[in-house]
Amino acid sequence: MKRILVVEDDKAICDLISINLEIVGYKVYKASDGYLAKKLVEEKSLDLILLDVMLPKIDGFTLISQIKNKNIPTIFVTAKESVLDRVMGLRLGADDYIVKPFEIIELIARIEAVLRRYDASPQNFIFKNIEVFYDQRIVKLDGELIELTYKEFDLLMLFIQNKNIALSRDQILEKVWGFDYAGETRTVDIHVQRLRDKLNLKDDIKTVFKVGYRLEG
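Using the numbering used here, you'd call the opening residue of the sequence shown number 26 and step up by one each time.
Keep in mind that the hints were calculated from the coordinates and are not lab data.
Predicted model only: the values in this text are computed from it and were never measured.
In this text, a Cβ means the ideal position worked out from N, Cα and C, and glycines have one as well.
You may find that some hints are simply not true.
[Stated by the list, open to error] With a straight-line Cα cutoff of 30 Å, these simulated DSS-like cross-link-like pairs (lysine-lysine) come out:
{"#": "1", "residue 1": "Lys55", "residue 2": "Lys82"}
{"#": "2", "residue 1": "Lys235", "residue 2": "Lys188"}
{"#": "3", "residue 1": "Lys95", "residue 2": "Lys188"}
{"#": "4", "residue 1": "Lys52", "residue 2": "Lys27"}
{"#": "5", "residue 1": "Lys223", "residue 2": "Lys176"}
{"#": "6", "residue 1": "Lys165", "residue 2": "Lys125"}
{"#": "7", "residue 1": "Lys176", "residue 2": "Lys235"}
{"#": "8", "residue 1": "Lys69", "residue 2": "Lys176"}
{"#": "9", "residue 1": "Lys93", "residue 2": "Lys105"}
{"#": "10", "residue 1": "Lys27", "residue 2": "Lys93"}
{"#": "11", "residue 1": "Lys235", "residue 2": "Lys93"}
{"#": "12", "residue 1": "Lys165", "residue 2": "Lys176"}
{"#": "13", "residue 1": "Lys95", "residue 2": "Lys36"}
{"#": "14", "residue 1": "Lys153", "residue 2": "Lys93"}
{"#": "15", "residue 1": "Lys231", "residue 2": "Lys93"}
{"#": "16", "residue 1": "Lys69", "residue 2": "Lys188"}
{"#": "17", "residue 1": "Lys235", "residue 2": "Lys27"}
{"#": "18", "residue 1": "Lys27", "residue 2": "Lys64"}
{"#": "19", "residue 1": "Lys200", "residue 2": "Lys153"}
{"#": "20", "residue 1": "Lys105", "residue 2": "Lys64"}
{"#": "21", "residue 1": "Lys223", "residue 2": "Lys200"}
{"#": "22", "residue 1": "Lys52", "residue 2": "Lys69"}
{"#": "23", "residue 1": "Lys200", "residue 2": "Lys95"}
{"#": "24", "residue 1": "Lys82", "residue 2": "Lys52"}
{"#": "25", "residue 1": "Lys231", "residue 2": "Lys153"}
{"#": "26", "residue 1": "Lys153", "residue 2": "Lys188"}
[Claimed, not checked] Beta-carbon label-pair distances, calculated as ranges:
{"#": "27", "residue 1": "Val233", "residue 2": "Thr174", "range": "18 to 26 Å"}
{"#": "28", "residue 1": "Ala37", "residue 2": "Tyr175", "range": "16 to 24 Å"}
{"#": "29", "residue 1": "Arg219", "residue 2": "Ile130", "range": "23 to 31 Å"}
{"#": "30", "residue 1": "Asp195", "residue 2": "Arg162", "range": "21 to 29 Å"}
{"#": "31", "residue 1": "Ile215", "residue 2": "Ile130", "range": "46 to 54 Å"}
{"#": "32", "residue 1": "Glu68", "residue 2": "Ala138", "range": "39 to 47 Å"}
{"#": "33", "residue 1": "Asn154", "residue 2": "Tyr60", "range": "38 to 46 Å"}
{"#": "34", "residue 1": "Glu169", "residue 2": "Lys69", "range": "25 to 33 Å"}
{"#": "35", "residue 1": "Lys52", "residue 2": "Phe127", "range": "17 to 25 Å"}
{"#": "36", "residue 1": "Gly118", "residue 2": "Asp195", "range": "16 to 24 Å"}
Can you build the whole structure from these sequences, using the hints too?
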């Protein structure tokens, strides 16, 4: 069952969308403001987000930037109908942009189209003797389960998806910890060392002098 987060501060619209999505077989989570939505993104395993733009606490454009590193398909569902708003939403990483009012049948069709695109991409990855099961967030080394923290898993995925590419510490912070992270690049060094130790990657994750790190393979 696919899991969809509906982020909408108008209760009537939120309920209408949620009921119809549940009828066609989706598991639905609801958030009435950007802060709660961000919290749910951190806590839940989501397949898609329906996101309003004009939200309390954190607006939709800001929120999509803050959760960009999660790589969750996102469709804006909003009353902001200008071309500039649509362009802004798509440039920020949205997969689609629907203007209110809309027909539920069209919304469901758009959701199905976005999910099909993502389902076509591989969900499992293999690097040498390491198996990564993306949906389950499971990592195995020589067939043995290895316990990784949430950030260690995201960091491993970033390296695998950018194999043989040098990534700066700032790029890693942005992709794994998000735009609003207030820490320092030393955090990256610590997590890289943990991955090297847990997955025997000492010879594979190379330190790039004055830049950051590169996974070679």
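With the threshold set at 30 Å, check whether the alpha-carbon distance from lysine 95 to lysine 36 stays at or below it. Holds - the C-alpha atoms of lysine 36 and lysine 95 are around 26 Å apart, at most 30 Å.
Okay, alanine 37 versus tyrosine 175 on CB: inside 16 to 24 Å? With a Cβ separation near 35 Å, alanine 37 and tyrosine 175 fall outside 16 to 24 Å, so the hint is violated.
Between valine 233 and threonine 174, does the C-beta distance stay in 18 to 26 Å? About 24 Å separates the Cβ atoms of valine 233 and threonine 174, which means 18 to 26 Å holds.
Holds or violated: are the alpha carbons of lysine 52 and lysine 69 at most 30 Å from each other? 12 Å, holds
With a cut-off of 30 Å on the C-alpha distance, tell me whether lysine 223 and lysine 200 pass. OK: lysine 223 and lysine 200 at ~21 Å, within 30 Å.
Is lysine 223 close enough to lysine 176, meaning Cα to Cα at most 30 Å? Status holds; Cα separation ~14 Å.
Take a look at whether the Cβ-Cβ distance between glutamate 68 and alanine 138 falls inside 39 to 47 Å. 27 Å, violated
Between the alpha carbons of lysine 93 and lysine 105, is the straight-line distance 30 Å or under? 21 Å, holds
Is the Cα-Cα distance between lysine 235 and lysine 93 30 Å or less? Roughly 26 Å between the alpha carbons, so the hint for lysine 235 and lysine 93 holds.
Outcome of range test on Cβ distance (lysine 52, phenylalanine 127; 17 to 25 Å): 22 Å, holds
Is lysine 95 within 30 Å of lysine 188, Cα to Cα? Status holds; Cα separation ~19 Å.
Holds or violated: 38 to 46 Å for the Cβ distance of asparagine 154 and tyrosine 60? Given a distance of about 42 Å, which is inside 38 to 46 Å, the answer is holds.
When each numbered hint is compared with the structure, violations occur for hints 6, 17, 28, 29, 32.
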